[in-house]
Amino acid sequence: MTQVSMTVNGKAVSGDVEGRTLLSSFLREHLSLTGTHVGCDTAQCGACVVHVNGEAVKSCNMLALEADGSEVGTIEGQANPDGSLNVIQQAFQDHHGLQCGFCTPGMVMSAAALLKENPRPTEAEVRKYLEGNLCRCTGYHNIVKAIMAASGQDVSSIAAE
Amino acid sequence: MPKDSGIGASSKRREDVRFLTGAGNYTDDINVHGQAYVHFLRSDIAHGRIKSVDTSAAENMPGVVKVFTGKDFEGVGGMPCGWEVTDRHGAPMQEPPHPILAQGKVRHVGDPIAAVVADSLEQARDAAEAIALDIEELPAVLDMKAAAQDGATLVHDDLKNNICYDWHLGEADNAKLDEVFANAAHVTTLDLVNNRLVANPMEPRVAVAEYKRGTDEYTLYTTSQNPHVIRLLMCAFVLGLPEHKVRVVAPDVGGGFGTKIFHYAEEAFCTFAAKACGRPVKWTASRSEAFMSDAQGRDHVSRIELALDADNNFVGLRTDTYANLGAYLSTFSSSVPTWLHGTLMAGNYKTPVIQVNVKAMFTNTVPVDAYRGAGRPEATFQLERVIDKAARELGVDPIALRRQNFITEFPYDTPVALTYDTGNYNGTMDKLEAAADLSGFAARRAESEANGKLRGLGINCYIEACGIAPSNIVGMLGARAGLYDAATVRVNATGSISVMVGAHSHGQGHETAFPQVVADMIGIDESMVEIVHGDTSKIPFGMGTYGSRSLAVCGSAMVKATEKVIDKAKKIAAHLLEASEADIELKDGQFTVAGTDKSVAWGDVTLTAYVPHNFPLEVEPGLEETAFYDPANFTFPAGAYACEVEVDPETGQVTIETFTAADDFGNIINPMIVDGQVHGGIGQGIGQALLENCAYDENGQLLSASFMDYAMPRADDLPFYGVDHSSQTPCTHNPLGVKGCGEAGAIGSPPAVVNAVLDALNSGGKTVDHIDMPVSPSRVWAALNS
Amino acid sequence: MYNFEFEKPSTIADAVAAMGGEEAQALGGGQTLIPTLKQRLAAPSSLVSLTGIPEMRGVCVEDDGSVSIGGATTHAAVAADAAGNYPALAALAGQIGDPAVRNRGTIGGSIANNDPAACYPAGALGSGATIVTNNRQISADDFFEGMFSTALEEGEIITSVRFPVPQAASYQKFLQPASRFALVGVFLARFADGVRVAVTGASEDGVFRWSEAEQALSKEFRPDALMDLRINAMNMIADLHGSKAYRAHLVSVMTKRAVEACM
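Protein sequence lines, in the order shown, are assigned to chains A, B and C.
This note's numbering puts the first residue of the first sequence at 1, with every later residue one more than the last.
This note's numbering puts the first residue of the second sequence at 1001, with every later residue one more than the last.
This note's numbering puts the first residue of the third sequence at 2001, with every later residue one more than the last.
Honestly, the hints are just simulated from the structure, not real lab data.
On a predicted model such as this, the values are computed, not experimentally measured, just so you know.
We put the CB at the ideal spot given by N, CA and C, even for glycine.
Possibly wrong hints are sitting among the right ones.
[Claimed, not checked] Here's a subset of chain B near chain C, in silico, CB distances under 7 Å, partners left out: (1) L1177; (2) E1179; (3) E1650; (4) T1651; (5) L1691; (6) A1695; (7) M1708; (8) Y1710; (9) A1711; (10) S1778; (11) W1781.
[Stated by the list, open to error] DSS-like mimics (lysine-lysine), calculated; alpha carbons at most 27 Å apart, straight line: (12) B:K1051 - B:K1012; (13) A:K128 - B:K1453; (14) C:K2008 - C:K2038; (15) B:K1350 - B:K1176; (16) B:K1176 - B:K1212; (17) B:K1538 - B:K1568; (18) B:K1071 - B:K1275; (19) C:K2244 - B:K1766; (20) A:K11 - C:K2008; (21) B:K1453 - C:K2244; (22) B:K1212 - B:K1275; (23) B:K1538 - B:K1587; (24) C:K2038 - B:K1066; (25) B:K1570 - B:K1587; (26) B:K1012 - B:K1598.
[Stated by the list, open to error] Derived list of chain B stretches under chain A, where covered just means 3 residues or more per stretch with a C-beta under 8 Å from a C-beta of chain A: (27) 1200-1210; (28) 1275-1289; (29) 1481-1489; (30) 1507-1520.
Extracted from the complex, chain A is given alone in its bound form (with noise of 0.2 Å):
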C-alpha cells in the first residue's frame, strides 16, 4: 500500500491504495464519491469522466496514484456554493438532457471541459468532443441541445426537447 494524497473538490483527501487502484476506484470506494460511474473497460464509455488539473480524464483509465498531488475535480463538486444547479446542469435539466443518469455525470464533465476550451462550440463541434462519452437513452439529441444552451446559444429552433 502507497498513500496518495490529492485535492478532491477543493478539499484535501489522501489513502492508501494499491498500485493497482484506479482513480475511479479509488474516488467511488474509498472516499464514497459514487457519482463518478464505471460503464467500461475499455475507456470507451466516458461515464467516469473526471477532471484531473483541469483536464477531461477517464478516471477508470488512470491509477490512483497517477493523480498523487492533483486537482481533482468530479460530478459531486460541479454545483454553485449554494448548491444550486450549475449553468451547464441546469441546462441538461431545462432540455431533459438525461434520462436515466447513468452517462450522466461523465457527459457534464465532458461538457464543462468543451466549454472551457470551446465557449460557443457548434452542433458539429459538441457532437465530435462527445465521442469518448456513450449515452444509450437520449439518441444525443437533448444532450447536444443541452450544452449549445448551456455555452449561451438560442436553441429554440432545434426541434422539441
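Starting from the known structure of chain A, arrange chains B and C on it as the hints suggest.
Positioned in the frame of chain A, the structure of chains B and C alone reads:
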C-alpha cells in the same frame, strides 16, 4: 398554450437533480458491511462437456470464502422461462434446464462454470485462475438452418433436436395461401437478417445480496426493471424461498431496454451465496462480462413474401423465420419471436391472408430475449422492407402504396390475432409528409449529387402492440404470469401523497410524469405527490416496466386508486360541509358544494381523515387506496417515419442527414419526456441499422465482445430528430387514453434507414435489392461494386 | 488487474534505472495499457510512469527545423502545440481516441505499442521521423517491425520523436466505427526529395509504406497519379468491420484524399 403543470405539461424532471449532482443511488453504489465479492469463472469455449472442475487449489487461496460449482446447485431449481409457447401441433415447446452454474456441459462463451467468493474481487479472480478445468470441446452449433437439420449436434443432449418450437400463426390452410399467391398479379420475395444486438444499458448489471440469520430474511439489491417479478421467479422457481422473507430492491437503474427484465443466474447466486457464506455477496459485471452474460436481442433470419393484385392491393403475406434463442431459454425469450412478432405481421395494412411460421432454435450463443421493441422491430423490418421492395419492382410511389393499403376502419381484427382499437395511419403520414418536407427532397437530392454523394429517402410505417397486457389473453397464449399492474395512493395527513407503483423507472421519468396525473386529478401542486418504486417491501405487487406499458397499465392503476381516494375524500368533505356526497365537486384542491360557495380545502379533508374527530361514522379513518388494473386489450401506438441519408460512393459511408418521426401515442402526459423516449428509440434503431452487430465466429467466439468492436452510436453518428406527435387517437380502453411511447423509435427507424440507403444506391443507376444490417460502409461499398 | 509496484521517476536516468527491474514495464498515459491490465493480459511486476519527467514533455523546434516531441507528451498537447509548425501531425494527434483519452495518452506510449490500427505509427513512418530513446536514435523505417512489435530493447524508453517537417502533409483517417481507431489511415508527406505514404489499420503486418504510391506521387503529385495503382489485398486485415478488398480500396481512397488535401 402549453400547460405549465399537470397532464400535458412538459414538467422538468425532478429526478434529474440527483443524477446531475452525483447523488443517484445505483446498485453498484450500495455496499453492505462485511460484503464479499464474487467472480464467475466463465466458459471461454462455446460448447463442451465438463469432465471435471477441480477447485481444491482455489479454495486455499488468500481471501477465499467459498468456491461454488454446478454441483452446489443440484438441489436447487434452474432459471425459469416465463412463457410456454405451444407449437403448430399443439405440443409444448422443448424446455431444457438452465442451471445457475453449468452442469454437465458449457453451452456458450460466458456460461458460468464456477464462482469464487472472496474478501476482494481481485482475490476472487486470482483464485478463479487456480481452478483446474477439464472440458472436452464439442462442435459449436451456430447456423440456425443447419442446427434444424436431423443429425445436427445437439445443444441440449436430452432434447430431441435443437428446435425449441416450430410455431405457426394465421392462415393454416396452405392450399388456400398457395392459391392466393398463384393468383396474385405480383409477388415480392425478400430474404433478410435481423442482426443480433446487445442492449448495452450504460450501467452494467450488479447484484448485492445479504442474509440476516436472526430473522431468516434476505435482501437483494439488483439492476432490474421489475423487482417483484425477480422476487417471484427467484423464490418460487429457483431457490424455494418464501416471498415474505425476501426483499428485492431495484434502486436507480442505469437503463434497461429489456435486458434488465429477466431473472439472471447471478441474482439467484448472490442470494444463495449470502446465506451459504454467512456474508453479503456482491457482483458487479464488467462490460466485457455483460457482453457474454446479458441476454441479447433480435437475431432472426427470415424470408417474407408479399402478394399483390393487379391494383397493387396487398392480398397475401407469408413469412418464415428462424429465431435464435441462444443456448438457454431466458425469462421471456420464447414469447418474442411468437406473440410479440407474429401478431404484428399485419402492420398498418388490411392484408386479408397472413401466415407466420417461426422455428425457434437453440444454438451455442448467449441467450436472446426481449430488447427494446422485442419482436415488433423484427416484424416491422420484414414487412416494411418487402413493401419498399415491391414499390420499387412495381415502379410505384412507396408512400402511395402504403396509403392505399392502410387499415382505415376501427376496431379492426387482423388475421393474426389482434384487434386494433383505434388509429389514423393517414393522419400520421400526413403529419410526416409535412414535417419532413418530403416535397423538397428532389432538390436536396440534386444538391447531394452535385457534391458527389448519393441521397436517399426512406419511409416506414409501424404499429406496435404495447401496454402488455390483458392477463386472460396472455394466459391463453402461454404466459405464466399475469400482466396487470398495481398502485397504492397513500395520502398523508397534511395532504401530500406517496404513490407506490409496480412500474419501475430507469430513465422513463415516472417520478415526474406520474405525479402530473395525480396532481391534475386532485388539483394540487405536482410537488405534493411523490412516486415510490423499485422496492418489494414498499410497493404493491406489480409487474414492472417493459413493453411501453408503465403509463398505460400502471398509470391506469394509479388513476383507479386516485379515484378511490377522491371518492372517499368526497365522503369526508360532504360530512364536513354538511352536504350530500353527490353534491361535492373537487377542483383545484378544493371540495365545493355544487352551486354554493361552501368549500373545504384538500388539506383539511386529508387532516380530518387522520384526525377523525369530526368524521362520518360509517367511513374508516385514513386515506389510502390500492388498485390493480388489468387492461382490456393491448394499446396500438403507430406512426410514420422518414429518413434521408447521404452515401459516399467512394467509401460506402452512410450519414443520416435528417430523421423525422410522426407518431400517434394517443394522449400525452409529458410531451418533453415523450420526445425524449422517441429520440432514444431512434438512436438505438439507427444504431441497429448502421452500426451495431453482435457477431460470433465459426467456433462460437464472440467477435464483438467489447465496445472496441461493438459499435455503439455516438453523438456524431446521429442528427437532431424531428418529432411530431400531434396526430392523436386516444386509446379507447384505458382511463388516460394513452398508448405508450418507449419502443416506437426503435421499431420504426431501422426500416426507414435501410429503405433510405437502398433508395440512395438505386438512384445511382445500380439495382440493389437489399443490404443486411448493419449497413456498414464495407457492405455498401460491396453492394455498389458487386 | 494483477498488482504491481508503481514508480514515478522525475528524470530519464531514474526511469531507465527503474526499468532495469525484473518485469518492469513503462507506463505512458496508460490508455491502452490499463485496459490490457484489466483483462489480466499482462502481469508486470512494476509500472514505471513516464508522465512525471519534465524533460520528456513538450513540443519544440530543433535547429534543423524538425519538430521534436517529448515521449511523454500527450496527444492533446501535440494537437495544440504542434499546430503551428507541423499542422498535419497536430491534426493527426487531434483525431486519436477522444478528448479525455488525448489528455492522457502519449506519443511515446502509442509508438512503443505499435497497435496496427493506431494513428501515430503512420505519422512517424510517413514523416520519416527519428525515434529517440535513452540510448540511441532509430529511424522510423527501422523502428516498426510488425503488429505490436518494434525495435525497442527491453527497458528502453522513447524519450522523444523527431519529425522532419514536409512541405505539405495530410492524415486521412477512416474510422473503425466502434473503437474509433483507424479502419484505414493514410499519412502522406511531401518533401522536396519525394513523397512518403504510410498506411495504418490495413495490414496484418502493422503500419507500412505504400512504395508504389510514393514513387508515382514523387514523379507527379496529383490525385490522378494513383489512378492505375491497386494495393495487394492479400495481407490486409479482414474483420467484422471490413474485408481485405475493402481495406485495400480504402487505402487508395484515403491516399487520393490526402493528395487532394495537400494541393
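Do the hints match the structure? See the list:
1. About 38 Å separates the beta-carbon of L1177 of chain B from the nearest beta-carbon of chain C, more than 7 Å, and the hint is not met.
2. The beta carbon of E1179 of chain B comes no nearer than 44 Å to any beta carbon in chain C, farther than 7 Å, and the hint placing it at the interface is violated.
3. About 5 Å separates the beta-carbon of E1650 of chain B from the nearest beta-carbon of chain C, less than 7 Å, and the hint is met.
4. This hint holds: T1651 of chain B has a C-beta 6 Å from the nearest C-beta of chain C, less than the 7 Å allowed.
5. With a cut of 7 Å, the hint placing L1691 of chain B at the interface with chain C holds, because the nearest CB-to-CB distance is about 5 Å.
6. For A1695 of chain B, the suggested interface contact is upheld, since its CB lies about 6 Å from the closest CB of chain C, less than 7 Å.
7. A hinted interface residue such as M1708 of chain B counts as satisfied when its beta carbon comes closer than 7 Å to some beta carbon of chain C; here the least separation is about 4 Å, so the hint holds.
8. Among the interface hints, the one on Y1710 of chain B holds; its C-beta lies about 6 Å from the nearest C-beta in chain C, closer than the 7 Å criterion.
9. For A1711 of chain B, the suggested interface contact is upheld, since its CB lies about 4 Å from the closest CB of chain C, less than 7 Å.
10. Satisfaction of the interface hint for S1778 of chain B is found here, the shortest Cβ-Cβ separation to chain C being roughly 4 Å, below the 7 Å cut-off.
11. The closest approach between the C-beta of W1781 of chain B and any C-beta of chain C is roughly 6 Å, which is under the 7 Å cut-off, so the hint is satisfied.
12. For the given pair, K1051 of chain B sits about 58 Å from K1012 of chain B by alpha-carbon distance, which is inconsistent with the 27 Å threshold.
13. Between the alpha carbons of K128 of chain A and K1453 of chain B the distance comes to roughly 22 Å, so the proposed pair stays at or under 27 Å and holds.
14. Between K2008 of chain C and K2038 of chain C the alpha-carbon distance is near 20 Å, which keeps this suggested pair within the 27 Å criterion.
15. Of the pairs offered as hints, the one joining K1350 of chain B and K1176 of chain B holds, with about 18 Å between alpha carbons and a cut-off of 27 Å not exceeded.
16. A C-alpha spacing of about 64 Å is found between K1176 of chain B and K1212 of chain B, which places the hinted pair above 27 Å, so the restraint is violated.
17. With a CA separation close to 23 Å, the supplied pair K1538 of chain B and K1568 of chain B stays within the 27 Å bound.
18. Under the criterion of a C-alpha separation no larger than 27 Å, the hint pairing K1071 of chain B with K1275 of chain B is consistent with the structure, at around 17 Å.
19. Distance hint between K2244 of chain C and K1766 of chain B is fulfilled; the C-alpha atoms sit about 23 Å from each other, no more than 27 Å.
20. With a C-alpha separation of about 24 Å, the suggested pairing of K11 of chain A with K2008 of chain C holds against the 27 Å cut-off.
21. Only pairs whose Cα atoms come within 27 Å are accepted, and K1453 of chain B paired with K2244 of chain C is accepted, the gap being roughly 24 Å.
22. For a cut-off of 27 Å, the pair hint linking K1212 of chain B to K1275 of chain B stands: about 8 Å separates their Cα positions.
23. Restraint check for K1538 of chain B and K1587 of chain B: not satisfied, since their Cα atoms lie roughly 30 Å apart, outside the 27 Å limit.
24. The suggested pairing of K2038 of chain C with K1066 of chain B holds, with an alpha-carbon distance near 24 Å, which does not exceed 27 Å.
25. Simply put, K1570 of chain B and K1587 of chain B have alpha-carbon atoms about 12 Å apart, close enough for the 27 Å limit, and the pair holds.
26. Proposed proximity of K1012 of chain B and K1598 of chain B is contradicted: the alpha carbons are some 35 Å apart, above 27 Å.
27. Beta-carbon proximity to chain A at under 8 Å applies to 5 residues in the region 1200-1210 of chain B; the threshold of 3 is reached and the given coverage holds.
28. Coverage of a stretch by a chain is defined here by at least three residues with a beta carbon nearer than 8 Å to that chain's beta carbons; for the region 1275-1289 of chain B and chain A the count is 3, and the condition holds.
29. Under the rule that three or more residues need a Cβ within less than 8 Å of chain A, the assignment of the region 1481-1489 of chain B is violated, with 0 such residues.
30. With 3 residues bearing a CB less than 8 Å from a CB of chain A, the region 1507-1520 of chain B meets the requirement of three and the coverage assertion stands.
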